[in-house]
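2 protein chains.
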Amino acid sequence: MYFIGVDLGGTNIASALVNEKGEIINSTVIPTEAQKGPEYVIGNMKREIHKLINNAAGSKIVGIGLGIPGLVDIDKGMSLFAGNLGWQNIPVLEQFQNEFDVPVCMDNDVRTAALGEKHFGAGVGIDNLICITLGTGIGSGIILDGKIYRGHSLSAGEIGHITIVKDGLYCNCGNRGCLEMYASAPGIVRRTQKYILEGHNTVMTSMIDGDLDKITTKTLSQAWEKGDELAQLVIDETAEFLGIGLATFAHLINPEVIIIGGGVSLMGDKLFNPLQKYFDEHSMRILRNKLPIIPAKLKSESGTVGAAALAMINLGIL
Amino acid sequence: MYFIGVDLGGTNIASALVNEKGEIINSTVIPTEAQKGPEYVIGNMKREIHKLINNAAGSKIVGIGLGIPGLVDIDKGMSLFAGNLGWQNIPVLEQFQNEFDVPVCMDNDVRTAALGEKHFGAGVGIDNLICITLGTGIGSGIILDGKIYRGHSLSAGEIGHITIVKDGLYCNCGNRGCLEMYASAPGIVRRTQKYILEGHNTVMTSMIDGDLDKITTKTLSQAWEKGDELAQLVIDETAEFLGIGLATFAHLINPEVIIIGGGVSLMGDKLFNPLQKYFDEHSMRILRNKLPIIPAKLKSESGTVGAAALAMINLGIL
Chain A
-5 MYFIGVDLGG TNIASALVNE KGEIINSTVI PTEAQKGPEY VIGNMKREIH
45 KLINNAAGSK IVGIGLGIPG LVDIDKGMSL FAGNLGWQNI PVLEQFQNEF
95 DVPVCMDNDV RTAALGEKHF GAGVGIDNLI CITLGTGIGS GIILDGKIYR
145 GHSLSAGEIG HITIVKDGLY CNCGNRGCLE MYASAPGIVR RTQKYILEGH
195 NTVMTSMIDG DLDKITTKTL SQAWEKGDEL AQLVIDETAE FLGIGLATFA
245 HLINPEVIII GGGVSLMGDK LFNPLQKYFD EHSMRILRNK LPIIPAKLKS
295 ESGTVGAAAL AMINLGIL
Chain B
-5 MYFIGVDLGG TNIASALVNE KGEIINSTVI PTEAQKGPEY VIGNMKREIH
45 KLINNAAGSK IVGIGLGIPG LVDIDKGMSL FAGNLGWQNI PVLEQFQNEF
95 DVPVCMDNDV RTAALGEKHF GAGVGIDNLI CITLGTGIGS GIILDGKIYR
145 GHSLSAGEIG HITIVKDGLY CNCGNRGCLE MYASAPGIVR RTQKYILEGH
195 NTVMTSMIDG DLDKITTKTL SQAWEKGDEL AQLVIDETAE FLGIGLATFA
245 HLINPEVIII GGGVSLMGDK LFNPLQKYFD EHSMRILRNK LPIIPAKLKS
295 ESGTVGAAAL AMINLGIL
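Going line by line, the protein sequences match chains A and B. So the first sequence is numbered by the working numbering: it starts at -5 and just counts up by one. So the second sequence is numbered by the working numbering: it starts at -5 and just counts up by one.
Watch out, some of these pointers could steer you wrong.
To be verified - Calculated lysine-lysine pairs in the PhoX-like style (CA-CA distance at most 25 Å, straight line):
hint, chain 1, residue 1, chain 2, residue 2
1, A, K141, B, K141
2, B, K284, A, K70
3, B, K291, B, K141
4, A, K45, A, K15
5, B, K70, A, K284
6, A, K160, B, K264
Calculated directly from the structure, the hints in this document are not laboratory data.
Using the sequences and the hints, build the whole thing.
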């Protein structure tokens, strides 16, 4: 039995043919081109699925899962709101159900990524976990008793928008001092740029030819490896912001493990070591040194494999 | 059918005979005297239950529920740790099961209080809610899909120990800057005392005959009613600490309602009005003005009625 998982992102549409073990057999990536509107994007998603079906000649495809950014009404199959796509109240699911002969289901992309990690990644065998995505934004999927937990109005797990700095930076969510403003990729870059503008000496200045816009979290990572003190400071601060935020999350949800994925997590031990330290420092004694924070295993594949996992769950196979 | 609910606290043991509608028919309160040890306390609890049974002559008592402070292992019927009682690994449940002919069950007291509010108080008809207890400490019971959520190691809902002030006051939980250090009754009193010691002019000084140890949250409440500016400042600050903490809780759990009980909640609108304001200010726009923070309805009875509700659930009646 085979499944297709589609991960719709602001930049790319990633699709994959996945087997029952969560292994990718075949995959495609195309640009999203969200500015061309939902019809165009959904048309492209369908075409990618057809491509995978055609290339899988003979293999039995039994279900399709979609991971969609933003607020998703899984019962109505609607995208209620997706800021990075410019979508609002778009009926998504019916368009796929009319096109394909197999069952199609959808959920929020961060939640499907959490499912991917739970069933085929770093969370195998664990029934209570939080899976954080650290990228352009910061989101999370909560798995309780083995199942996705969505909350009363589908907003559970909004770790990116908890107040981490009182009277801090204004966020476009309406709150201020949000974790996302400090520890997402743009937040980290912004803090780095601010330090450089203030006059700190750093190897990064030459690495980016003096052009602050060229700084990425990869620049920081490389500078850290060269022993750069400013890079160490910024990553340490990032770990502290995250450590406080994740300790808060853990005190409320009390998961068995916290899994971290997304682009920023690729910093690896440079980030995870101080993060675990700050997390434990900001935890009650009875929780300290008991909750591991571990990197996601599926990396860039968590989206498509997670969407395929959703299809498996929908069919009662997982 | 009748039930008995026992609420074991650091100060008192409250017991009640409760009918199926959650109404108290008869009740008793005796001092806990925890310093005399667990055997003595458990003996007293049994005696109170026998008293209620004897006084209920003819009424059919079908179940007993116990609300116990601290960490409770509901499967083993053990009190794993209760700081205010000095208990550690005390087998509680078997002692009651050997004594009474009807089923006995137990859970953490904050969780049973949440059950009380869910079934017979401010949360009737609501399946996803958080019930906060603001008293000597700050705890919470989380109800998801109508059931108590306990977390992986029974520590879910530890809102009192999330970091609300970075590098803030040391807490005996091992963390620092915990919400409980600022917004529990002792935290509020401590902040008031500090302001008075700094020299602020306030009607409270005469209300307490200059003895700072006499200040309680009731003093503050009365001073507020007299238009005292320091009392207003302290209550406003309390609301801000709580507003940030509860907004964080809501962003992660996304409940339908937040219920607040415990001694501090008796301040009423003086606290709830600014609390709702700060909560909304620290929320994402899509959550703002949608989540009501309401006072507990059962007040001092939530413990016993909640323990009785636990007994009803245990018997499949609720």
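Now for the hints, and whether the structure bears them out:
1. A:K141 to B:K141: 15 Å, holds
2. B:K284 to A:K70: Distance of about 22 Å is within 25 Å: holds.
3. B:K291 to B:K141: 19 Å, holds
4. A:K45 to A:K15: 22 Å, holds
5. B:K70 to A:K284: 21 Å, holds
6. A:K160 to B:K264: 23 Å, holds
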